[in-house]
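Numbering (our numbering), first residue to last: 1 to 228.
Read the hints as simulated data drawn from the structure, not as lab findings. A quick note: this is a predicted structure, and the numbers were derived from the prediction, not measured. Careful, some of the hints might be misleading.
Heads up, simulated DSBU-like pairs for lysine-lysine below, C-alpha to C-alpha not over 35 Å straight-line [what the hints assert, rightly or not]:
no., residue 1, residue 2
1, LYS64, LYS106
2, LYS4, LYS67
3, LYS67, LYS47
4, LYS103, LYS67
5, LYS103, LYS83
6, LYS106, LYS67
7, LYS192, LYS83
Pairwise CB distance ranges (calculated) [stated by the list, open to error]:
no., residue 1, residue 2, range
8, ARG162, GLN221, 47 to 53 Å
9, GLU225, MET48, 46 to 52 Å
10, GLN224, ALA164, 40 to 46 Å
11, LYS192, LEU21, 38 to 44 Å
12, VAL113, GLN224, 28 to 34 Å
13, PRO80, GLY194, 42 to 48 Å
14, GLU175, LYS76, 32 to 38 Å
15, GLY66, ALA174, 42 to 48 Å
No residue lacks a Cβ here, since even glycine has one placed at the ideal position from N, Cα and C.
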Amino acid sequence: MLTKTKGLVISNMRYRESSLLVTIYTAECGITTYIENGVRSVKAKHKMALFQPLTLLDLEVFHKPGKGIHRISSAKCYFPYRKIPFDIAYSSIALFLSEVLSKVLKEEEANPVLFEFLESSFQFLDQAPGHTENFHLQFLWNLTEFLGFYPGLVSEFLEQLRAAGVPGLAGIDAEALSALFGAVYGQEVVMKRGQRQAVLAALIYYYQLHMESFGDLRSLQILQEVLA
Numbered sequence: 001m002l003t004k005t006k007g008l009v010i011s012n013m014r015y016r017e018s019s020l021l022v023t024i025y026t027a028e029c030g031i032t033t034y035i036e037n038g039v040r041s042v043k044a045k046h047k048m049a050l051f052q053p054l055t056l057l058d059l060e061v062f063h064k065p066g067k068g069i070h071r072i073s074s075a076k077c078y079f080p081y082r083k084i085p086f087d088i089a090y091s092s093i094a095l096f097l098s099e100v101l102s103k104v105l106k107e108e109e110a111n112p113v114l115f116e117f118l119e120s121s122f123q124f125l126d127q128a129p130g131h132t133e134n135f136h137l138q139f140l141w142n143l144t145e146f147l148g149f150y151p152g153l154v155s156e157f158l159e160q161l162r163a164a165g166v167p168g169l170a171g172i173d174a175e176a177l178s179a180l181f182g183a184v185y186g187q188e189v190v191m192k193r194g195q196r197q198a199v200l201a202a203l204i205y206y207y208q209l210h211m212e213s214f215g216d217l218r219s220l221q222i223l224q225e226v227l228a
């Protein structure tokens, strides 16, 4: 069945000599894996650049429910990024968040509200003139609402972490945290580097508490070094 949908590339993996397995979060079909043959050849219908993580695509796909791997009929980037691929701070945030999304997006069904959240978030990040140092923290907090474990209140968030024996919470000020999570993207919220790192560690612990398969994040060290 040929389906038209928007999609957000989550990850790609080399398959055999010239093919890719591309995981895309689509507005119409949820998280889906596609095989793209011959993508490394000169005559490739779709170039590798289309399948870099967080690329926003207009797609026509052959989608058959119950099938593990699907095929792409056509793909076109509808929002070319101007900063994310070229600015190390923006690209480090994008790399980190794409790894998070690869771990948490599991549903193979349409969720247009979640797709709109992801789409608008990364469009904002790419267009932001500054004050992106807290973007990943606010994104992780807001994403929990779509994943089913939104804590609602900062006090509830911290209480769950304390009950689980999570270390490092003494360095987190609840009032500052409420200001951070109550702010919109791009709104300046002053935090010291150590405070920001403590909040990120707490958010990662929170995800690990609620998702057994979440595990460690390989891109975390790169993000911390770049935003130091």
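Here's how the hints hold up against the structure:
no., hint, result
1, LYS64 with LYS106, "17 Å, holds"
2, LYS4 with LYS67, "18 Å, holds"
3, LYS67 with LYS47, "25 Å, holds"
4, LYS103 with LYS67, "20 Å, holds"
5, LYS103 with LYS83, "25 Å, holds"
6, LYS106 with LYS67, "15 Å, holds"
7, LYS192 with LYS83, "25 Å, holds"
8, ARG162 with GLN221: 47 to 53 Å, "26 Å, violated"
9, GLU225 with MET48: 46 to 52 Å, "27 Å, violated"
10, GLN224 with ALA164: 40 to 46 Å, "22 Å, violated"
11, LYS192 with LEU21: 38 to 44 Å, "41 Å, holds"
12, VAL113 with GLN224: 28 to 34 Å, "31 Å, holds"
13, PRO80 with GLY194: 42 to 48 Å, "36 Å, violated"
14, GLU175 with LYS76: 32 to 38 Å, "46 Å, violated"
15, GLY66 with ALA174: 42 to 48 Å, "47 Å, holds"
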